[in-house]
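**Q** One letter stands for each residue in the lines below.
There are 2 protein chains.
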Amino acid sequence: MKTVAIIGVGHTKFGPLPDKGLLDLMSEASLEAIEDSNTNDKDFNSVYVGAMSPSAFNNLSGIASALVDKLSLLPAAADHIKNGPASGGSAVKVGFQAIASGMSDLVLVVGGEKMTHITTPGYVTSNVATLTHPEAERSHGISLPSFAGMLTRTYLKKYDAELDWISDIAIKNHKNGALNPIAHFQRTIEDSMKSAIQKGKGNWDNVYAFLNDDKTNPIIADPLRLFHICPISDGAAALVLCNADKAKEFCDTPIIISGVGQATDTQIVYEREDITTLKALRLASSQAYKMAKKTPDDIDVAELHDAFEILEAVQSEDIGFFKKGEGAKAAHEGLTEIGGKIPINPSGGLKARGHPLGATGVAQVVELVWQLRGEAGKRQVTGAETGITCNFGGFGNNIISILVERL
Amino acid sequence: MKTVAIIGVGHTKFGPLPDKGLLDLMSEASLEAIEDSNTNDKDFNSVYVGAMSPSAFNNLSGIASALVDKLSLLPAAADHIKNGPASGGSAVKVGFQAIASGMSDLVLVVGGEKMTHITTPGYVTSNVATLTHPEAERSHGISLPSFAGMLTRTYLKKYDAELDWISDIAIKNHKNGALNPIAHFQRTIEDSMKSAIQKGKGNWDNVYAFLNDDKTNPIIADPLRLFHICPISDGAAALVLCNADKAKEFCDTPIIISGVGQATDTQIVYEREDITTLKALRLASSQAYKMAKKTPDDIDVAELHDAFEILEAVQSEDIGFFKKGEGAKAAHEGLTEIGGKIPINPSGGLKARGHPLGATGVAQVVELVWQLRGEAGKRQVTGAETGITCNFGGFGNNIISILVERL
Numbered sequence: 035m036k037t038v039a040i041i042g043v044g045h046t047k048f049g050p051l052p053d054k055g056l057l058d059l060m061s062e063a064s065l066e067a068i069e070d071s072n073t074n075d076k077d078f079n080s081v082y083v084g085a086m087s088p089s090a091f092n093n094l095s096g097i098a099s100a101l102v103d104k105l106s107l108l109p110a111a112a113d114h115i116k117n118g119p120a121s122g123g124s125a126v127k128v129g130f131q132a133i134a135s136g137m138s139d140l141v142l143v144v145g146g147e148k149m150t151h152i153t154t155p156g157y158v159t160s161n162v163a164t165l166t167h168p169e170a171e172r173s174h175g176i177s178l179p180s181f182a183g184m185l186t187r188t189y190l191k192k193y194d195a196e197l198d199w200i201s202d203i204a205i206k207n208h209k210n211g212a213l214n215p216i217a218h219f220q221r222t223i224e225d226s227m228k229s230a231i232q233k234g235k236g237n238w239d240n241v242y243a244f245l246n247d248d249k250t251n252p253i254i255a256d257p258l259r260l261f262h263i264c265p266i267s268d269g270a271a272a273l274v275l276c277n278a279d280k281a282k283e284f285c286d287t288p289i290i291i292s293g294v295g296q297a298t299d300t301q302i303v304y305e306r307e308d309i310t311t312l313k314a315l316r317l318a319s320s321q322a323y324k325m326a327k328k329t330p331d332d333i334d335v336a337e338l339h340d341a342f343e344i345l346e347a348v349q350s351e352d353i354g355f356f357k358k359g360e361g362a363k364a365a366h367e368g369l370t371e372i373g374g375k376i377p378i379n380p381s382g383g384l385k386a387r388g389h390p391l392g393a394t395g396v397a398q399v400v401e402l403v404w405q406l407r408g409e410a411g412k413r414q415v416t417g418a419e420t421g422i423t424c425n426f427g428g429f430g431n432n433i434i435s436i437l438v439e440r441l
Numbered sequence: 035m036k037t038v039a040i041i042g043v044g045h046t047k048f049g050p051l052p053d054k055g056l057l058d059l060m061s062e063a064s065l066e067a068i069e070d071s072n073t074n075d076k077d078f079n080s081v082y083v084g085a086m087s088p089s090a091f092n093n094l095s096g097i098a099s100a101l102v103d104k105l106s107l108l109p110a111a112a113d114h115i116k117n118g119p120a121s122g123g124s125a126v127k128v129g130f131q132a133i134a135s136g137m138s139d140l141v142l143v144v145g146g147e148k149m150t151h152i153t154t155p156g157y158v159t160s161n162v163a164t165l166t167h168p169e170a171e172r173s174h175g176i177s178l179p180s181f182a183g184m185l186t187r188t189y190l191k192k193y194d195a196e197l198d199w200i201s202d203i204a205i206k207n208h209k210n211g212a213l214n215p216i217a218h219f220q221r222t223i224e225d226s227m228k229s230a231i232q233k234g235k236g237n238w239d240n241v242y243a244f245l246n247d248d249k250t251n252p253i254i255a256d257p258l259r260l261f262h263i264c265p266i267s268d269g270a271a272a273l274v275l276c277n278a279d280k281a282k283e284f285c286d287t288p289i290i291i292s293g294v295g296q297a298t299d300t301q302i303v304y305e306r307e308d309i310t311t312l313k314a315l316r317l318a319s320s321q322a323y324k325m326a327k328k329t330p331d332d333i334d335v336a337e338l339h340d341a342f343e344i345l346e347a348v349q350s351e352d353i354g355f356f357k358k359g360e361g362a363k364a365a366h367e368g369l370t371e372i373g374g375k376i377p378i379n380p381s382g383g384l385k386a387r388g389h390p391l392g393a394t395g396v397a398q399v400v401e402l403v404w405q406l407r408g409e410a411g412k413r414q415v416t417g418a419e420t421g422i423t424c425n426f427g428g429f430g431n432n433i434i435s436i437l438v439e440r441l
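If you're matching them up, the sequences are chains A and B in order.
Every position in the first sequence, counted from 1, becomes a number in the working numbering once 34 is added.
Every position in the second sequence, counted from 1, becomes a number in the working numbering once 34 is added.
Here chain A stands alone, though its shape is the one from the complex (with noise of 0.2 Å):
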């Protein structure tokens, strides 16, 4: 197997972008991202396109055809591949393999949604719960965030844990996202209680204080309140990838792919043993660590899926950072802050960079790839050599984790 290597990243702002349509920010992204490798007269064999929905978001169903004629990359091969909320993840794997198998030798991956613009109430969430089971889930009225309230209220429960611990992985998120310039939201969940005290909207003595008022910080699924949720973005990220031997051609410091992962696990979320331990993570780290020859000791920075903030905290313990149980509490103790035993979502991760679907699995590789490379600002994690991603398909039942380490 020819190894993998990322040799350019581009990333557009994400959030609401009124005034760019998905084709553009795809572009924008892609366009950053060969600028960065430096191969600008190179040919791409193919392109592959992670998004969730521009069917039915943008009314746009050849999208990677139409985005590299826009790029004037033709004729290369260009496919869209999907997975839900992880359909850049799997971009980034069926990418990976178009080089891995000697197929393709310069590949472009892009990851991008766009949403906001959508003014019909409850269309994004109802196209995102169609990721459920249609009898057994749907049906019944089930939707990604009311499966995020049942987990969470299990977790606490069953770990002893207190839903402050899970208030702080959104601080700590949208800490590290006021340091990120291309994220959504780029102040503190402190920031954000002060301007509300300015404006006379109440007083409160700390941030948890704040993050309990339902006026605030209105439930959505009990308990998960505002806060502990993802926003829908607009946004998209890029990759360049090629063969590493040929990688120092075009660029100083490439990152390889060293891992990659995926599992499925059931689609009803019932029929799992245990609604608290995700399963095809456990899979899909441990085939990641297996290909790169790693552990999760060796893993310096990782980004996590934090769709919901208790997510975070339980994908910390699956993918082998925590022991079963204590990720809520690692969070409450600062170990995956920046600067801490290790480091998650220096990006601000899904809560505070933000989620523009099909982008995110792309967006959390870039991420990487800037901390690997020192590139990171002020949300350096210094000496980052080594980086994992989870990526999330469905309410848990397809993951996907990246490895990636510098060459």
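Since the hints were derived computationally from the structure, they do not count as laboratory data.
Check each hint, because a few of them may be wrong.
What the hints assert, rightly or not - Listed next, the in silico EDC-like pairs over lysine to aspartate or glutamate satisfying Cα-Cα at most 20 Å (straight line): (1) A:104 / B:169; (2) A:47 / A:69; (3) A:54 / B:169.
Said to hold, decoys possible - Okay, the calculated bits of chain A under chain B, using three or more residues with CB under 8 Å as the criterion: (4) 87 to 93; (5) 157 to 165; (6) 290 to 297; (7) 413 to 425.
Think of the CB as a built atom: it goes at the ideal place given N, C-alpha and C, for glycine as much as any other residue.
Following the hints, position chain B against chain A.
**A** Below, chain B alone, put in the same frame as chain A:
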């Protein structure tokens, strides 16, 4: 690069299948392919699902995750591959790369679509029309049938060809479909004519008179009539792929995928130098021939993408069987019949086997496997050892060509 073998194939009946949902059809084809592969006790590493619009047609956005669960193939990795009506071909390519890279040992590739339940007039065609360019084409009312009508008129004029020769392609494909038990239409156009005469609907001297009658064969996209255009069908097809080194363990007659090509062309049809030349097919098939070290003369049987019968004529030229402008005449002269110089679409093609969008690219490969194994029954091409496909995503802007041969 590891050599990739096809060790199992499955194929549902194509046509209106009101009693079965999309997941039922995909499961049926998959289980048939798995049984055919004799790998019953083996673990599948990954599953690639080709489907164009399961979200819009079936309200299922996590189709690949749902399928691995339904098939009890957990924890196999699962991804959904989209490339318009070439989604099946793209899924085959991505599955091929999974084995070729050494990332997977055993892969299931499934293509399928379920559309005939949709009763909203124009819903399916409007969805397919989202493959065209939003501003330059779609907003002016362009649809894929209108492009096909324009291509037909240009071709007939430029190459001094006759519409009856295009009808000959439909006549041949219906004749082949009549020999294919899983085809959507299993009767010849002559049968339809005789039946219409018996019912007192008219009287025609020959099949061309019948096909040029507005009552029995109305114009859809001038000059193309109903019988020149493929139907809307339900159905699924599946392949089991493995490393060729291990193929003989499971299967007496493994077929190898020795060539894979894919290329894109301008999304805006107007921007092409010549509408009658499919540049993307020329490139895609060249890649496949080169990889397999074959030429068009080596091919014994082909499955082309005759969504409109003009396309079979043009594709038979650009894939290298006939000189430019001679494809329709070759069909008229019987060179593409079973037993002719180069049999095309012995399955009946999209016209008669039917065209459940995402299923087609996989079904084309299944038909070639049957032909190369000598299992094609009454439509067997004698001694076939090498075959090639053309699968079309959009109107010629994203084309995949798969070359298969006996190991």
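**Q** Give a verdict on every hint.
**A** Verification of the hints:
no. : hint          : in the structure
1   : A:104 / B:169 : 13 Å, holds
2   : A:47 / A:69   : 17 Å, holds
3   : A:54 / B:169  : 15 Å, holds
4   : 87 to 93      : holds (count 4)
5   : 157 to 165    : holds (count 4)
6   : 290 to 297    : holds (count 3)
7   : 413 to 425    : violated (count 0)
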